[in-house]
Amino acid sequence: MVVNPYLPVRARIEDIRTEIEDTKTITVSPQVRNAKTMFAFEPGQFLQVTAFGVGEAPISICSSPRDSPSIQMSIRKVGSVTEALHEARVGDFIGLRGPYGNGWPLEKLRKNDVVLAAGGIGMAPLRSLMLTLPTTKGMRRTTLCYGARNPSLLMYQSEYAGWTRAGAAIRLTVDQGDSDWRGNVGVVTNLLENLDADKEKAVACICGPPIMIKFSIRKLIQLGYRPDNIYASLESMMRCGIGKCGHCHFGAKHVCIDGPVFSYSDMQELPKGFAPV
Amino acid sequence: MKPEYINQDSLTRLVVELSSRGQLVAPVREGKSFVFSRVQRGEQVCLTYTNSTIPPKFTFLPQIEELFSYEVKSGELRPPKAGDEPVVLLGVRPCDSSAFSVLDRVMGGDRADPYYVKRRDRTTVVGLSCSRPRETCFCDAFGTGPTDGSGDDITLTKVSGGYVVRSKTAKGARFAREHSKHFRAATKREIDEFESESRKIKGMLASGITSEGLADRMGKSLGDPYWEEASERCIECGVCSFVCPTCYCFDVTEQVEGDGGKRYRGWDTCQSCRFSRMAGGLDPRPTKVDRFKHRFHHKLSYVPMAFNVTACVGCGRCVSLCPTNVDIREVIKKW
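Order-wise, the sequence lines are chains A and B. Under my numbering, think of the first position of the first sequence as 1, with each following residue one higher. Under my numbering, think of the first position of the second sequence as 1, with each following residue one higher.
If you're looking for bench data, these hints aren't it; they were derived computationally from the structure. Check the hints yourself; a few may be wrong.
Rough simulated footprint, nothing fancy, chain B against chain A, three-plus residues with beta-carbon under 8 Å [unchecked claim]:
no.: 1; stretch: 42-56
no.: 2; stretch: 84-98
no.: 3; stretch: 182-192
no.: 4; stretch: 239-251
Below are the DSSO-like pairs computed for lysine-lysine, each with C-alpha atoms no more than 30 Å apart in a straight line [as the list claims (entries may be wrong)]:
no.: 5; chain 1: A; residue 1: 272; chain 2: A; residue 2: 108
no.: 6; chain 1: A; residue 1: 272; chain 2: B; residue 2: 220
no.: 7; chain 1: A; residue 1: 201; chain 2: A; residue 2: 219
no.: 8; chain 1: B; residue 1: 333; chain 2: A; residue 2: 77
no.: 9; chain 1: B; residue 1: 168; chain 2: B; residue 2: 188
no.: 10; chain 1: A; residue 1: 36; chain 2: B; residue 2: 202
no.: 11; chain 1: A; residue 1: 24; chain 2: B; residue 2: 181
no.: 12; chain 1: B; residue 1: 333; chain 2: B; residue 2: 288
no.: 13; chain 1: B; residue 1: 181; chain 2: B; residue 2: 168
no.: 14; chain 1: B; residue 1: 32; chain 2: B; residue 2: 220
no.: 15; chain 1: A; residue 1: 108; chain 2: A; residue 2: 36
no.: 16; chain 1: B; residue 1: 220; chain 2: B; residue 2: 262
no.: 17; chain 1: A; residue 1: 36; chain 2: A; residue 2: 24
no.: 18; chain 1: B; residue 1: 181; chain 2: B; residue 2: 2
no.: 19; chain 1: B; residue 1: 168; chain 2: A; residue 2: 214
no.: 20; chain 1: B; residue 1: 200; chain 2: B; residue 2: 2
no.: 21; chain 1: B; residue 1: 168; chain 2: B; residue 2: 118
no.: 22; chain 1: B; residue 1: 288; chain 2: A; residue 2: 77
no.: 23; chain 1: B; residue 1: 168; chain 2: B; residue 2: 200
no.: 24; chain 1: B; residue 1: 118; chain 2: B; residue 2: 171
no.: 25; chain 1: B; residue 1: 333; chain 2: B; residue 2: 202
no.: 26; chain 1: A; residue 1: 108; chain 2: A; residue 2: 199
no.: 27; chain 1: B; residue 1: 220; chain 2: A; residue 2: 219
no.: 28; chain 1: B; residue 1: 181; chain 2: B; residue 2: 158
no.: 29; chain 1: B; residue 1: 2; chain 2: A; residue 2: 36
no.: 30; chain 1: A; residue 1: 201; chain 2: A; residue 2: 214
no.: 31; chain 1: B; residue 1: 288; chain 2: A; residue 2: 272
no.: 32; chain 1: B; residue 1: 2; chain 2: B; residue 2: 158
no.: 33; chain 1: B; residue 1: 118; chain 2: B; residue 2: 220
no.: 34; chain 1: B; residue 1: 333; chain 2: B; residue 2: 262
no.: 35; chain 1: A; residue 1: 199; chain 2: A; residue 2: 219
no.: 36; chain 1: B; residue 1: 202; chain 2: A; residue 2: 24
no.: 37; chain 1: B; residue 1: 2; chain 2: B; residue 2: 262
no.: 38; chain 1: B; residue 1: 171; chain 2: B; residue 2: 158
no.: 39; chain 1: A; residue 1: 214; chain 2: B; residue 2: 220
no.: 40; chain 1: A; residue 1: 272; chain 2: B; residue 2: 334
Heads up, the beta-carbon is just placed ideally off N, CA and C, and yes, glycines get one too.
Construct all of the structure, not just a fragment, from the sequences and the given hints.
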């Protein structure tokens, strides 16, 4: 039987929590017998999520592959599909296709120092990575540099202590602090200096708004990180997720199948205007 | 397989046979132009046309098609009932047939599109070599015509009193066997005429366009101010995409009635300001210049890079139907 990649699999919403003001994290379980194999994923991959009656949108997975077939996604309300997903309740059914895309370069990340740079909701696919990496912790160091507009918009705050216990260093910053904020104020790129990492070999993973990706890459290059060790997850309008609909096709690459994670070296090969570099 | 021959009367009978079985899609006259449509009566078919306004790609990629229907509340899906009765697509010009090879590369492969593949598999493409080019034809630039479209299963070429018939694929050979009573072996005189006709039509095309190294040339043009000026007259109507035999980009949309939902896909155009804009408003191609440029780069550089085939077959439809006279031939010549 030919598998029809356009048909979503029904998934039940098991849990919903408000992550930050406009973002909810939902936990879903696909309603198929072989869910664990069918939805086996790597950190950095995404799903095409259907709000039945409204439409479909690509959304990053933010949970650990170890929890499969239970999957979490942090969904920011930005359009009609995400708005409908925000209205869904526990017990409702949504549709899932995927997982799609390439994910973060796990092999490389397991062997070297790791720098994660996240801006805003860009933390979501990096959380998946964060939850995957510590178990393979050896001599390697992991640092997370994360920024948001203000302290209340930092996602997954209750988990930071656990990540630190697992061996990660966490550096936070906000554009604007509040009365309780004692931490850094400013852009994420400021956090990237003086990190405890071997720049020759360290692997950096970036996800955030295009401008943040652009300046983070610029900073890392200045600091001496290698272009082929700097990765960013890029966004694109897309419909199919399998390289057919043409929306995310740039140069030789499709964001949905060749990305969404691209090395800076690969980005330089892409037509200008697409990659935020 | 040796060339065969079918005379005009036999072809007329074959057309009637196929259309009476409801299997035939062929060019029919509609007003001043020609369209490919499901033929009910054999006499509607016209094989002396130059080319159709809308390319026959819709046989495989309909303008709109249902992907599935569902119940909104439960998310229970119902895939569409796809027909698998055989279809004969008759009279396809070489450029349009060659465009099927482009679509095959994109829609086939590792992640094959099941809707496309099903339609493609059940269809026998009977190509028709050209007898006279239109002023806007430039298939010579890409080797996609004026004879032998690369998507043909079997090719007809007009000679005195009938057509020389050559099978190109197993499917084409099967078609010739199934309808063998209409065919006979071509004579030496018919083959000679076929060869001289082929040479003649090839000599009538001299676009002066070369596709050699085009993907690279296009790549180098990206930052050039040329695009600002060239795109000025474009009104972003998208007709160039909709009449293009290789344009395959599609949009996906939902329709809901009561508790029932349907997901459709339909032709899209990269000339639309919505094509690459994301829900949050971010858009890698926010200006008309960006979008105009993208169309040419996608066809002549990105598809070649990703799928190893050029997404232009020189049919000239976008040239003749653009309301503001944007001409892809000029763009290619420029670079």
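(message) For the stretch 239-251 of chain A, count the residues whose Cβ lies under 8 Å from any Cβ of chain B; is that count three or more?
(response) Answer holds; 11 residues pass the 8 Å Cβ test.
(message) Please verify whether residue 32 of chain B and residue 220 of chain B have alpha carbons no more than 30 Å apart.
(response) It is violated: about 42 Å lies between the C-alpha atoms, which goes past 30 Å.
(request) Take the C-alpha atoms of residue 36 of chain A and residue 24 of chain A, compute the straight-line distance between them, and say whether it is at most 30 Å. (result) It holds: about 24 Å lies between the C-alpha atoms, which stays within 30 Å.
(request) Apply the coverage criterion to the stretch 42-56 of chain A and chain B: a residue qualifies when its Cβ sits closer than 8 Å to a Cβ of the chain, and three qualifying residues are needed. (result) holds (count 6)
(request) Take the C-alpha atoms of residue 199 of chain A and residue 219 of chain A, compute the straight-line distance between them, and say whether it is at most 30 Å. (result) At roughly 12 Å apart (the allowed maximum being 30 Å), residue 219 of chain A and residue 199 of chain A satisfy the hint.
(request) Quickly compare the C-alpha distance for residue 333 of chain B and residue 288 of chain B to 30 Å and report which way the hint goes. (result) Given pair residue 333 of chain B, residue 288 of chain B holds - Cα atoms ~22 Å apart, limit 30 Å.
(message) For a C-alpha distance cap of 30 Å, please report whether residue 108 of chain A and residue 36 of chain A respect it.
(response) Distance ~25 Å between residue 108 of chain A and residue 36 of chain A Cα, so the pair holds.
(request) For the pair we were handed, residue 24 of chain A and residue 181 of chain B, check the Cα-Cα distance against 30 Å. (result) Answer violated: residue 24 of chain A to residue 181 of chain B is near 69 Å, above 30 Å.
(message) Between the alpha carbons of residue 2 of chain B and residue 36 of chain A, is the straight-line distance 30 Å or under?
(response) 55 Å, violated
(request) Would you check the hint for residue 181 of chain B and residue 2 of chain B, treating anything up to 30 Å between C-alpha atoms as holding? (result) 16 Å, holds
(request) Would you mind confirming whether the straight-line C-alpha gap from residue 220 of chain B to residue 219 of chain A stays at or under 30 Å? (result) 28 Å, holds
(message) Given the hinted pair residue 168 of chain B and residue 118 of chain B, is their Cα-Cα distance within 30 Å?
(response) 20 Å, holds
Hints 3, 8, 10, 11, 14, 16, 19, 29, 33, 34, 36, 37, counting from the list given before, are not met by this structure.
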